[in-house]
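Top to bottom, those sequences are chains A and B.
Residue -11 is where the first sequence starts when you use the working numbering, and the numbers rise one by one after that.
Residue -11 is where the second sequence starts when you use the working numbering, and the numbers rise one by one after that.
If you're looking for bench data, these hints aren't it; they were derived computationally from the structure.
The hints are all genuine.
Distance condition first, Cα-Cα at most 25 Å in a straight line; then the derived SDA-like pairs of lysine to any residue:
1. K681(A) / K391(B)
2. K208(B) / G399(A)
3. K208(A) / T673(A)
4. K208(A) / G399(B)
5. K386(A) / K555(B)
6. K660(A) / R479(A)
7. K596(B) / F416(A)
Beta-carbon label-pair distances, calculated as ranges:
8. L603(A) / S387(B): 15 to 23 Å
9. E473(A) / K208(B): 46 to 54 Å
10. N317(B) / K596(A): 40 to 48 Å
11. L603(A) / L16(B): 54 to 62 Å
12. D622(B) / E150(A): 38 to 46 Å
13. R569(B) / E473(A): 49 to 57 Å
14. D522(A) / L611(B): 24 to 32 Å
15. E667(B) / N317(A): 50 to 58 Å
Just so we're clear, the structure is a prediction, and the values are computed from it rather than from any experiment.
Positions of the beta carbon are idealized from the N, C-alpha and C atoms, including for glycine.
2 protein chains.
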Amino acid sequence: MESYMIYMPLLMAALGLLYMFIKKSWVLKQDAGDGKMKEISDYIYEGALAFLKAEYKLLAIFVVITSILLVVVSQVVDTTHWLIVIAFIFGAVFSAYAGNIGMKIATKTNVRTTQAARTSLPNALKISFGGGTVMGLGVAGLAVLGLTAFFIIFYHQFMNGEWAAAEFEGVMKTPQELMTIVLETLAGFSLGAESIALFARVGGGIYTKAADVGADLVGKVEAGIPEDDPRNPATIADNVGDNVGDVAGMGADLFGSYVATVLAAMVLGNYVIKDMGGNIVNEGFGGIGPILLPMAIAGVGIIISVIGTMLVKIKSNDAKEAQVMGALNIGNWTSIVLVAAACFGLCMWMLPDTMQMEFFGEGLIEISSMNVFFATLVGLVVGAVISSVTEYYTGLGKSPILKIVQQSSTGAGTNIIAGLATGMISTFPSVLLFAGAIWASYAFAGFYGVALAASAMMATTAMQLAIDAFGPIADNAGGIAEMSEQDPIVRERTDILDSVGNTTAATGKGFAIASAALTSLALFAAYVTFTGIDGINIFKAPVLAMLFVGGMVPVVFSALAMNAVGKAAMEMVEEVRRQFRDIPGIMEGTGKPEYDKCVDISTKASLKEMMLPGLLTIGFPLLIAFVPMIFGMDHLAIAEMLGGYMAGVTVSGVLWAIFQNNAGGAWDNAKKSFEAGVEINGKMTYKGSEAHKAAVTGDTVGDPFKDTSGPSMNILIKLTCLIGLVIAPILGGHVDGQASVIKQEIEQEVVQNNEETSSIYKNLDIQKSVDAETGIVTAKVTYQSSANGATITKSHKYVGTEEQVEAKIKALNQEVINFK
Amino acid sequence: MESYMIYMPLLMAALGLLYMFIKKSWVLKQDAGDGKMKEISDYIYEGALAFLKAEYKLLAIFVVITSILLVVVSQVVDTTHWLIVIAFIFGAVFSAYAGNIGMKIATKTNVRTTQAARTSLPNALKISFGGGTVMGLGVAGLAVLGLTAFFIIFYHQFMNGEWAAAEFEGVMKTPQELMTIVLETLAGFSLGAESIALFARVGGGIYTKAADVGADLVGKVEAGIPEDDPRNPATIADNVGDNVGDVAGMGADLFGSYVATVLAAMVLGNYVIKDMGGNIVNEGFGGIGPILLPMAIAGVGIIISVIGTMLVKIKSNDAKEAQVMGALNIGNWTSIVLVAAACFGLCMWMLPDTMQMEFFGEGLIEISSMNVFFATLVGLVVGAVISSVTEYYTGLGKSPILKIVQQSSTGAGTNIIAGLATGMISTFPSVLLFAGAIWASYAFAGFYGVALAASAMMATTAMQLAIDAFGPIADNAGGIAEMSEQDPIVRERTDILDSVGNTTAATGKGFAIASAALTSLALFAAYVTFTGIDGINIFKAPVLAMLFVGGMVPVVFSALAMNAVGKAAMEMVEEVRRQFRDIPGIMEGTGKPEYDKCVDISTKASLKEMMLPGLLTIGFPLLIAFVPMIFGMDHLAIAEMLGGYMAGVTVSGVLWAIFQNNAGGAWDNAKKSFEAGVEINGKMTYKGSEAHKAAVTGDTVGDPFKDTSGPSMNILIKLTCLIGLVIAPILGGHVDGQASVIKQEIEQEVVQNNEETSSIYKNLDIQKSVDAETGIVTAKVTYQSSANGATITKSHKYVGTEEQVEAKIKALNQEVINFK
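Next comes chain A alone, as it looks inside the complex (with noise of 0.2 Å):
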């Protein structure tokens, strides 16, 4: 049982993505509504696969070019193999399907939630949640298909499947350093999750409102249209979006989060094998569980959340959102308590009674596997717990929004004053939270605690994924139902479904900055050790100005993001008022409009617009660690430099998007407040009021903070500590004891006299030492030698195979001449 644990997460991802199938074919079975219902949906079909297909383009481009580069890297670098490149691809392959299969169920279910709504509420919910658990399984089953096939193969290629010395290109190593190159090529995978993600998610949100903006500068200011009126050729574009960001953005932020984290955590684990002298084979699942934990808890994930997925459900048609949101935590509560137990389980059985884990400065303290299990709690609380914060700050009727409502009485200005206040208010608890977590994990089980309470949290992706879906195809699903003209009442159940989603969006950010946060941080730990630095000291002056120059990156980020929205927008205006220029009978509605040239725009400016930010994530990294490397630098020294930029980039990146998702949520709720009515000053105050369009400028603020510049702050910190990862081999690369070749080192030189002047040797003493476990042979030889008239001590120690130190010693035996 123990030596095949390393393929239940195979089997686990394999489960998740054939239940992802039958509950496809279920949502596409049911019935799609008329003809103008199907005619909208597919106009947004299309246009998503338009964005995909032009997405796909450059992506192959990118991966081309980057998969040259791995290639060169791979060439130069010892320890970098080959390999790295095909698991690069597959990373982006898989992460492009991911979004692929969401962006597909997500436009193919919000018709079918339409038609749904026209009969039963119940069956409205179950066919968007649905839509929502195809695209939470697709992630989450494909991340963990994917990490986990492509260790087992990196296992057995490196490793030939068990933890033992083997030789690696000619040169024997250790299993701890095997073990090394096989996760070194396993963060190929990772890169290539998160580059799309960079691309899925920047683009995405420069997409959707570059065509929101768009569509509502020429059709409802100019043209005097109202909103999603299909006469306007943005409005495809405009739904579309929201499936490009809110859909596909997510899906691949937390595709990217998802790898990446139960990556870090497998790196770390193998330095708490280290920490335990190398190995404990004894303890079974091959020796490597530790290792094999986070892949176990990511793969007992998707299951729980099929479970969860399976708990959400309403019975009454009179529902209301109480029972909805009900309905959508019961699922989310019964999932987290279940990888709760799930942790406790797999940490008791998978981990030995006590482990030594080397901390900094305090040496090597026993861990019991208990504080391990308290450790993954941690991330399980961080998850709930800022889902709550996020809640409180940007939720309707809470007294943040009702204070940037009272606000909004006296002017834009004081409306937008309030926000931004609101924003970088909510950073405080957001801030101590993840302060406190990143305390306690580590207290627990050190930065190995750390990266398991990153895993435990992620462990219900797919549930979140889902809950998070669910809302944009609701929204889609209100927008087709008032477009094809329906009954009053089916509005009104969408309605119902749409603002529960409001609140999962919110709270999905929420948990996309966490996942991010800790993600980093554990990408971080593993970066430092890969590098064998001996932590990042900011007292050295060049790392301390990298910390700064890491701080401001995402400031510059968002900046560039929230330009590159007004550009991509202005684009989109003058193809709008082209075609109300050109098309004869447009405004009458029968010329027909040219979506597809829309959405044309808005995907290659989206593209094009996020090339500045996308080179500034991936090109300060390398200019921090290639420029100094030009001038000579020592390697360390660039080591602890980019670390210092790392630790810039996330304590900077973390606060700008609390700030500005938070900021944006609450400008938007703040205008939804006045479609049900506020009081502002004991009056009564509706949608068109003085107060109502200050509250929409603030909305108009807050639209790319929190759909553009905030989420991408996500990519930005995990990208950049992802790239510092992939670098590391070629700054530090395996100075963590071992050897890595066969090792000769003079111990002693000790000249005593100078009486003789022809060489000679004499003395010779060797002992010899054998690894039981890993067959490392280690012999010191000493003997002495007089040359030149000095006598000289030599001590001389060789590690290697058994072969290689026997060649060593036989050919130093042929040289002594013994005087004995």
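Use these hints to put chain B onto chain A, whose structure you have.
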């Protein structure tokens, strides 16, 4: 000559203050104009005094409480002397007095500038800049005077005015340690100054914006009377606010920076001496050249600033902005070049040709005095370049401003996005500049180099403040010209000065940020050396957690400051409404508004509202230091955590300072662009247009950014690092290898055999050495002792004064039975 150098800065400061008093009486002798002008001016003067009076009250309470705390600390911690309380009180009083001088002269100069502008622009410049000069010299003179005087007093009190070992509270100390005590006590002066800066900058920032917003909301919007209308009860408060915020706030900020920078450089100078083996007496300057150097630069800087201010003049009555700006630039650049020359001379003269400095992780490195000079050049370059960067992002007619103007045409939303993006983008060159400066000055001369870079930059503080304070004076002069209905030519002339003043205000803010950033870094370095920790390793999770928390504090502080403005403004609105309602004939101009009530409201509200942000600033570092202490955490671990917190505050604070100041400045000038008219989409657009209204909304958001929360960041980061420095001795203190008490170390204890049973000593051997410079005696005493059947070889080391060591040896001799 050399031994009198310690008194030079004192003399320079006195000369500067003398010149200040001459200039002041000259300004006051100028014609203050006719009745109406005088009346308005008097109201502003009285309002300003009212604020100062209220501030001093609160101040007194704060000083008393903090003094009591410091007394407690000085009783608990051995190395903290009670004189720190005296230094603290004087620091607070000097800073307050400097603010007093500035406020008084600014509110007296404005009306005289208006009067002069009736006949002559050159004269108007001379008077307004004269007022600025008084302010600048007052601040710089008092800063140097106070710091130098206390240094001399403590140097004589604790070290008898010479670099030698001496007894301190009954314990023998090395000169190194004694100097550390001197500087730690001196830190009280800096803490006092910076605490007042907190009141002045934050309180002033809230005051000015509360009055501004309150006056506008009721006056302009509700009552429909123009800005600066004497019928508006809040008008005077509004004008007072300009002085409170821009003059007193900026003055206190730079006073604090000046003192803290010089102090930090002195602390690091002491460590340079240590790295050189404890003394460089043969080099002159009483052996404390590296400690005196920063004071000398500050002293010379005052005289250079006087020279610089003398060069600021124009001749033609028809001069335009360019000529006035040119005159200021001549003065500014001359003083910068002169400071560079002075730094060269002083570095060559006062420092040994080569010094050893400890570089973290690289060991002792030889540094030439020329290197130190290069470090000072780095500081001067940063000061000059940051002003240009700020000018670029906020200057009228520059491309970022033009972009914001263009974006105003599509509404307030896009205007605000553009302004936010501009502020965010502006962090790019600024942070790269700071990072480069840290790197370069550190590479030249370690953290001593960083501190001296800051010192050199701050040397022209008097000149910078003169240029800076001239702005609000000219602004007020224009207001008085308008209110007293002068000939349009008068307003034209003051407008020229005002326009230049707007530019210098923006660049002055850049200078203040740069000074705060470099000062904080220097304090940070001084903190690390004070605590004796070996760096700050963010790979330790608690340190990393504190880096996060530190990064969050500036964001939350900013939000609190912004909310405070909103609350205070609302109180003002209520009062103005009450007066309009209750005072008969107020709108007809027959009833007199109660200006003092509004002044009082603004004063009280601002001082009340700054409590929470103030508490955040002071409370967090204390919590981080003392809560873990209660739980028995290792002091050095706490010191490292606090260091992580300080770094987080500094990095995040600098970013948010740049972001908020530049965004606010950019919005302000985008709005002002409409006054002269701007071209939008090929059409000239003016005040009153929709685009202008959008720009006004942007400016409303920018006001608290640039005048309240943005500038407060400077104080936040400096005060945080200063509090750290004052706590440092409690956390670490003096672990730098030399003895602080007569030290008795057991060096060896070897058990040989156990043949004898009686207690017996033999083979006594004493090796004694005396340090020629410090008089410290080191004795190594070896002997054998046979007790309880074992023979033990013991080796003790004693370090102390001649008498102490002799007494120890004598006592030992009496016990010893010498066999030979």
